[in-house]
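We have chain S already, so just place chain R on it with the hints.
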Amino acid sequence: MIEKPLNDKTDEELIQEFQSDNNIKAFEILVARYKNPLMNYVFRFLGNYESCADVVQETMIKVYRYKDSYSAVAKFSTWIYTIAGNLARTEYQRQRRRNLFSINNYGEEHENFDIPDNSYRPDVATDSGIKSKIIQEALLKISAAYREVVILRDIQELSYEEIAEIKKISVGTVKSKINRGRAQLQKLLKGIYKE
Amino acid sequence: MENDDLKYKEVINSLSDLRKIEAPNNFEADLMRKINNTPAKRQKSLFDLIFSPVKLIPSAALIATAVILIFVVNNHSTEIEDPFSIEPRMREDLLLSKAPVTLSSESNVDLKKDLEDKSTTDKKFLPESKPFEKTNTSSTSIKIDDSKLVIGKIEEEYSAAKNESATLTIPTEDLKSSSISKSNLNFKQIKLTDSSRMEVAKLKENANKYFKIEKKAERKTD
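Chains as they are written, first to last, in my numbering: chain S, 1 to 195; chain R, 1 to 222.
Just so you know, not all the hints are guaranteed correct.
[To be verified] Here are the simulated lysine-lysine pairs, PhoX-like style, with alpha carbons at most 20 Å apart:
hint : chain 1 : residue 1 : chain 2 : residue 2
1    : S       : 133       : S       : 187
2    : S       : 167       : S       : 133
3    : R       : 212       : S       : 190
4    : S       : 175       : R       : 9
These aren't lab readings, by the way, just hints derived from the structure by calculation.
In isolation and in its complexed conformation, chain S is listed as follows:
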């Protein structure tokens, strides 16, 4: 029987090949398939390209090192999104702590500053580049738990079932979280939609 070329194999077949034969070529194909979707997902979550590239590379290293912990029961995409999501959340918390610390260092102790935000003013949001920047900033303003599911659904276009599996919550909870996230976003982007 003629074996399928590696490029034609599914993700699950490739990871199994990598697990059993330690086939680096299979791993490289998986990296090529998932590097851009994961970059998109992590960037929208973190809002920082450099740290996003680091997180995706760390995700791929984890896949390489812990390939044997993947079982064929789950979809490969679910497994790799779970790893990336966990690493992205850790990085986000680290960045938040660092930002909080640096802002507090500006003035007196326990004194926080309100930074004026003019980006939602209709006269500022003119072209599409600025618009996407505004949407990204709005995404970063909503709660991390809602942001993650909104990105997975509306940007990555995963099904509710897949998101439920990645987040290890019920489909109903996924749906409600997505709606709450969308509602918060709509509120934040009110100025853009009036135009």
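Quick look at chain R alone, frame taken from chain S:
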């Protein structure tokens, strides 16, 4: 659910229209370099998991605290003194009589023997200087330096009794007040040597002979 999608249609469209982010060109090269540079983490054995320093430090601290606590609590308990460094206890409740003790009757044979033994052992082992004084008379009379106890003329009276076959009398009140039993003695117990034991045995025989002669003499007089 479709109602929700319609409700947030603008948001959904905005998000899906966002530019797709792509990985940098050298992504794979960087990744393979990182994979080759970072050594694989060694699987920790059960021994490492149990005896890792992180887990040993709290337990060691707990043991140290327990040991310190035991020592602190034990400080309040009774101290054990070195028995060799304790000074002998003064028995002020005993040996009040200043009068010389006179021995009498058969019932006091033991007491006489005790005193005799004591006098001989004292002669042998006690130093001649302080706290004891030795008199120049033929009889040995031993005085304790605080003059609370005077045992005098023991040997003299005992030899007189031997020679004269006279009865020795000790007033019972005096005896009660001044008698010293072995159990009440707070002195160093000295073990007799074989030769001294032989001497004691001879003395006992002599004493028994003496008392037999005495009884016979009494019967004759009767």
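So, going through the hints one by one against the coordinates:
Restraint check: the Cα-Cα separation between residue 133 of chain S and residue 187 of chain S comes to about 16 Å, which is no more than 20 Å; the hinted pair holds. Simply put, residue 167 of chain S and residue 133 of chain S have alpha-carbon atoms about 27 Å apart, too far for the 20 Å limit, and the pair is violated. Among the hinted pairs, residue 212 of chain R with residue 190 of chain S is inconsistent with the structure: their alpha-carbon atoms are about 138 Å apart, more than 20 Å. A distance of roughly 15 Å separates the Cα atoms of residue 175 of chain S and residue 9 of chain R; the hinted pair therefore holds under the 20 Å criterion.
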